[in-house]
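Trainee: Sequence:
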Amino acid sequence: MKLLHIATIAVFVAVIYLPQTLLPQQGSPAAVDIEKIKSLASDLIKPQSKSEREKVLAEVEKIAPKGAPLTKSQFEELEKTIRTSVEYPKADTGAKDYSVSIASTKQKFPIKVYISSAYKEDKPTPLIIVIHGGPVGPMNMALAQAGKAMASWQPSAENNGWLVCCTVEATDVTGELGSKALFEIIDYVKEHYNVDPDRVYMTGQSRGGFFSWGYGLADPDRFAGIAPDCGGGFQGDKLINAANLSVYNVQGKQDNQGNQNFVLPRMAKQNKDKLDELAKKEKGKYEHIYKETELGHTWNSAVYPDVMKWFSTRPRDNYVKRVIGHIGALGSNNRLYWFQVLDGRDTPVEAECDRARNEVNIKCDGLKKFRVYLHDKLLDLDRNIKIIVNGKTAFEGKVTRSPYFTLKHITDTNDTGRVFAQMVEVEVK
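Heads up: the sequence shown begins at 2 in the numbering used here, then just goes up one per residue.
I should point out that these hints are in silico values taken from the structure, not numbers from a laboratory. Be aware that one or more of the hints could be misleading.
No farther apart than 30 Å at their CA atoms in a straight line, the calculated lysine-lysine pairs in the DSBU-like style are these [as the list claims (entries may be wrong)]:
(1) K430 - K239
(2) K254 - K181
(3) K273 - K149
(4) K81 - K107
(5) K107 - K97
(6) K378 - K282
(7) K37 - K121
(8) K37 - K97
(9) K73 - K47
(10) K239 - K73
(11) K239 - K254
(12) K181 - K239
It should be emphasised that the depicted structure is a prediction, and the values quoted were computed from it without experimental measurement.
Kindly produce the complete structure, drawing on both the sequences and the hints.
Mentor: Next comes the structure, spelled out in structure tokens:
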């Protein structure tokens, strides 16, 4: 592995990912007007389209002084603004129907939303995405399936003060739900309601259970937890991605859907056994519950209050110190919280932040290019940081907390829970 020169890496990162106004300059850095930055941050995170956010971001780029980093206290002020200043309109409670325009497919996607009577527009609220079962048929069949899904989860949502969003998939209108459409639907709900970005969960029954496993394991850092119900084949090596994803797996003992060999209960137990095995190897990781009921292939709604109770103490942790995954089993972003693979072979990867030593240790065969997203909860950004790949130093130097990067990252991800001060991109040669 040929190591890149440290200074070269630092300049590479700045040129590619920071605007020219934020490149390091000679002499003392200009002062940051943190109040202006915070004001623009408040404008940026208002419920609005991505194009509107990009206009605000352009203003941030204009006023950010050349080479001016944020101090730790200034970044903390900015982060607090991002997390607390958004205002939502007063909303009626109860069941609502919406039609979401999906940019990735240029289709209208129907969804059903339930807003509990405890909902307050000034209080971040947990959201559970519910994907109905199959087969996917015409719209009348899809609406009936989604109606069953909503009826199954609505009582628990009302009692716990949660938001529920049920997708509606019809062969004659929308087709199958894709991951891009799913995340656009989540963004739509977040634009209209005060969703806690670190308490977004996903569930589904039968076919919806398969989707819960699939999307949850492909993008584990987008959800706090998943609750597949009577659905999902044996996930095998993909389960490694659930290291920091809470899993509540529900399965009816009498489920003989598709044949008389009780395949789904057997595969559900295989997933449980694999998660048990992984949890023994990684202390504090792979938190999961496996719950069997006496029912067959149906919505196990009697269990849902327990699911919500368990999830309520398990939000997403964007700054978890150790991430584990399998590159080939991740979604298109190839990201695990603060670590992202840009070029690498289909192989397991481990990355861990050691704040005492102020370094990141990465173990991964064939890793060629990656990013590390930085926050003071992970490393002390006032000190030199070191990134080590397979025992060899790939980067060493100081980075600055950039208001532009922080706000651009939120614009790109549309996720106010993923607040980072800077990012380092490293190419290993």
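Trainee: Hint by hint, note whether the structure agrees.
Mentor: Consistency of the hints with the structure:
1. K430 - K239: With Cα atoms ~28 Å apart, K430 and K239 stay inside 30 Å; holds.
2. K254 - K181: Answer violated: K254 to K181 is near 34 Å, above 30 Å.
3. K273 - K149: holds, 27 Å
4. K81 - K107: Not satisfied, since the Cα-Cα distance of roughly 36 Å exceeds 30 Å.
5. K107 - K97: holds, 22 Å
6. K378 - K282: Given that 30 Å is the threshold and the Cα spacing comes to 25 Å, the pair holds.
7. K37 - K121: holds, 29 Å
8. K37 - K97: Status violated; Cα separation ~38 Å.
9. K73 - K47: Given that 30 Å is the threshold and the Cα spacing comes to 24 Å, the pair holds.
10. K239 - K73: Not satisfied, since the Cα-Cα distance of roughly 37 Å exceeds 30 Å.
11. K239 - K254: Holds, because 24 Å separates the two Cα atoms, which is no more than 30 Å.
12. K181 - K239: holds, 20 Å
This entry does not satisfy hints 2, 4, 8 and 10, going by the numbered hints stated previously.
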